[in-house]
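Visitor: Sequence:
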Amino acid sequence: MSITLLWAVDVYGRVYSVSTAGRRWVRSDDALLELKRVSAGKDRCWGIGCDHHVYLNMIPHETPIRYKEETYENQRWNPVDGFTDTLLPTDRWPWSDVTGMNPQPFDSFRLPSRSWEWEGDWYVDHSCGGEPTQSGGWEYAVDFPANFSPDKKWNSCVRRRRWIRYRRYTAQGTWAKIPSAHPGKPPLPLCDISCGGWEMSDESGRYPQLWAVSQQGQVWFRDGIHPRVPEGTDWEEVEVPKEVSQLSLGPRDLLWTALWDGNLLVRAGLSLDSPTGTSWLEVESPQKEVETLHVSVGVSVVWVITKDYKVWFRRGVNSHNPCGSGWIGIVGEMMMLDVGLNDQVWAVGEDRGLYFRIGVTPSEPSGNGWIPVSAEWGSARDTVALRDGCELSRQPAEAFQGSALNCTNSNSELGPAQPVNSTSNTPVLEASDPSVVPLGGAPVASQEINDAPATPQTLIPASDSFINSLVSDRDKSSSNQQSSVPLEEEGQFSPAQIVLSPDAFGPGAPWSNVDLEGAEAARSTLAEGPRLSDGLGLDGAQGVGEEEGPVWAWISGGGCNVDAASQVSWLSATGPLVSSWSLTPVQSSAWSNQEPREEISKKPLERSNSVWVRKGTLRWWRDWKPQRWLDVAAALEQSTKSDGGKDSIFFIYYTQYDEKKYIHIFINEITALVPVARDCHYAFAVYTGYRTRQRSPLVLAAQTEKDMNDWLSLLSDVCCECRGIATPPSRQALWSTTSKGDIFAHEPSFSLEAATHTQSCDLMFWRQVPGHMRCVEANSLGVVWGIGWDGTAWVYSGHPGRQADLDAGGVHQQSDIRSMHVYENQRWNPMTGYTDRGLPTDRPMWSDESGLRECTKGNTQPPSPQWAWVSEWAVDHNVPGGTDKEGWQYAADFPVTFHGHKTLKDFVRRRRWTRKCQITLSGPWRPVPPIPLSDVSLMPCLAHSSMEQVPLWALSDKGDVLCRLGITPQNPAGSSWLHVGTDQPFKSIAIGGANQVWAIAKDGAVFYRGSVSPQNPAGECWYHIPSPSRQTLRQLSVGRTSVFAVDENGNLWYRQGLTPSYPQGSAWELISNNVTKVSVGPLDQVWMIADAMAGFPAEAPGAVCHRLGVGPMQPKGQRWDYGIGGGWEHISVRANSVEAPRTQQAPAAGPPSPRSLLPSRVNGAAASV
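The working numbering applies: residue 984 is where the sequence shown begins, and numbers increase by one.
Rather than coming from a laboratory, the hints here were simulated on the basis of the structure. Don't take every hint at face value.
Said to hold, decoys possible - Here are the simulated lysine-lysine pairs, DSSO-like style, with alpha carbons at most 30 Å apart:
hint, residue 1, residue 2
1, K1629, K1608
2, K1941, K1723
3, K1025, K1160
4, K1644, K1689
5, K1840, K1941
6, K1136, K1160
7, K1025, K1051
8, K1225, K1051
These figures come from a predicted structure and were not determined experimentally.
Please put together the full structure from these sequences, using the hints given.
Guide: Shown next, in the form of structure tokens:
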């Protein structure tokens, strides 16, 4: 890696740089230079001086910067004097440029600035086209302008020769002022500049561009910058719709600006052909009530700081979508930041310290924590990052009420904790290892404890950093004296105690989490030996001179070539701070000497007194007005009871109206953990029985996909542990999928299908199974098949009940491709024909298929952040009803049936645009090539049944009927496909008990396959079954003795009169509406996916429902029991053959006692969880 520089400016305007190969900050040689800010690029750094002029510092290089000036001497022949400089009035100038249009005598050439010098005098170029000539450099031609050649001919009436003079740039390594060619025109005074554009997408190695902002809010572009003219030539104004306060240009074609009104502008159309772009696009601030303060961009990332100093990351930014898709909050509070090479992030913290974002990679562009830039300053013992401030008090503070796990206010149901002194057994968190530096702070110096106070001291939060908000007040009068005393002379060391107080954070500060168990790790770390370091800098009021280290105001990493794997001395802290969403600084310290994080990510961090805990920072969607995302602290506590049982609680700490509150959920009450798509966050929903009934899950979001997966894995493992689930899904499991493609399974109990005391559907525990499917079907013999969104068939290889097989290699890589659609709508008018200007009552001109929701190509995103686009938007010609050559479908009006040809009565038209996205993950699934499928069905059977081969029927993506041969529990994938002839394509198929095969054609016709048996698996012929009156069926399911079907309008139908002698039945009977999918099991149990829940319009379509009262005498059932909802796509109960015992003892009368039936409490008051 080449040696590059990191640039920074302190509050006094002094400029510093540190090399990636060095260890110390180096101040600029010009002691009188004062800059407000700098912007670094490859081999150079630009700056704005306090005089509002622009300065340039070119990094010294072996190759000098030289520029060749040239002018042409032109002559014409006449009979008297021969060739002379007396030209005709219509000729070019005697001394001109190569075109002859502009006069260029010797005295017209001036040095651009004092940074240049002439290398010599003018001389004649004796070459022509690169070849030396003997004509004294003259080129001849018949006339101006014509083709010149070194050979003189009889008709050569004009000639020219080129004069050359070189000038050299002499200001490398120093700050040179950029001259103003036109004093009245330049954009002065300037307030911000940004360098970038050297890696334009269509030409690698492009020389940097320079953009600037004036104090009047205008935007300017520096023209004429190229390798031989590093200063550029002049300024060009770029029109903006609003006043701009600050801008940032990335290495390629990404330019964002911050506006005076707090929003942001994005420049579109940047390219080599159009370096100033074509148009502006406006993006709202991350928080509507808080304006944007600072923006910085990289190749495909955008970082923003709002005026409350919170940091935000923009998702989905690329050259095709420069505006991105959504904001993600980042832990930490910063004054400014800069995105450098390789999208690495540098920042100036609230404490005026410099920080670097660790963990920034192409797969994790937002990184996972901040560490200080600890380059040395002054003497060898002083570093810039370790600011001279204060030290911990010699007097320990007493423990405050509460703990890290029970941070409640005075009216909590747990009651206030009794104050105790420091000599009690109350757990206290000690100062961690000095190498663990909190965000905004510096390493902690261990001090001797002399006398303990009789009363607790007040904790003074100096900033939002972790330790600064926890340490006690120091003795200011003696801090300076004590800091100069070597620790070795103080004798025995006793680490200063730090305790957590909920009142110490201030009304607006987020919760900081402290491990009570981390005290032992801190003690053991300090016991290894003290280290000398400066204080925490709580005061921040001391005057900081040059001898004490700079107080930073600006940083620029555009010329610093580092990445996540770089080994840089001043970025290699001995104990790096990892302030990620999942870990606190104390936990990071405890992990520093443990096994790798991948091996313990699902293990308890610390164990003490039978309690272990995992903590981190998440975002919580507050579902009451005003609805918005809130930064919260999350903690998972698990304690071991005296009988060996474990009790786990999940805490969410938040602040409302300056009051600290919390929500807690018992782990044994959680019924599902579901990844959801919410505002482009890595979000997941936590369901309990009560929250399922209220249709209001607890929605949380993590900063990165890894953090979300870590939380989901940890919570799921704990939930399974408390329920005694330690194996993959059993053979009788219920399977379901969400609209995002996530797979879930439920282990049924005897009470699920019992006639009395049936288990409530909202209390079912669904656990996620790795993989991604559109639908999953199974039977009780352990055969499980799934179909992806791209039609690929998959067979489950987890081997239910045999965990060893799964661990031995049952996990495979799985990919899925899905198409996203938007519709372009137009209406015809007599003046312009078809146009995108519709009537006020029309649907949006870009919408979904229903026309009820506006969907444009710009705002349509993949189903979740795990998906990635793999194609561009294109017109889809494969649309039901057909299209014309341009993909349009026509109709008389919205909404009616569309057709693919235009008639005189067609006043509206639409066409579908499609774009493909792909997801890649790992799961216990093996593909079944080579035919893409649209539907699949396995024959349900009872648990004690046995058969040589398991019947499976399927439909290809073209509607062909297929029968799979050779399927057994030992070979669930089968051996081959058998094609079953039909006279039209089908769209749904199902096989029930006794080899009953039913199917629905694409036109809605229903068919029954006769004579299907183990000896004749394909059957003989199709029997047509009449459909319900004026209804078109789309999906059906066949159980042991019953058939249910769903029509296009969402109505559920039951087939009457099914008997062994007449398996086709006699008539259809309407059961209910609001149904999208139905599944009938081997016990004739009926489950369905409901389209919507009455009374809950905000919930996403798709809820799991169970039909109650189904029995031999009542096969249609009586009513529905609604369960988990919000985005469910498919359910299969065809593997559940668990029957309730024939005789059951009635339970004793009395109210229910399980704690899960009681509502949780929030700070002592009943709350919905």
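Visitor: Confirm or reject each hint.
Guide: Structure-based check of all given hints:
For a cut-off of 30 Å, the pair hint linking K1629 to K1608 is broken: about 37 Å separates their Cα positions. For the proposed pair K1941 and K1723, the alpha carbon gap of about 24 Å is at most 30 Å, so the pair holds. Note on K1025 and K1160: the hinted pairing holds, with a Cα-Cα distance of about 19 Å set against a maximum of 30 Å. Under the criterion of a C-alpha separation no larger than 30 Å, the hint pairing K1644 with K1689 is consistent with the structure, at around 28 Å.
With a C-alpha separation of about 28 Å, the suggested pairing of K1840 with K1941 holds against the 30 Å cut-off. Straight-line distance between C-alpha atoms of K1136 and K1160 comes to about 51 Å, which puts the hinted pair past the 30 Å bound. Distance restraint check for K1025 and K1051: the Cα-Cα separation of roughly 23 Å lies within the 30 Å cut-off, and the hinted pair is therefore satisfied. With a C-alpha separation of about 41 Å, the suggested pair K1225 and K1051 falls outside the 30 Å cut-off, and the hint is violated.
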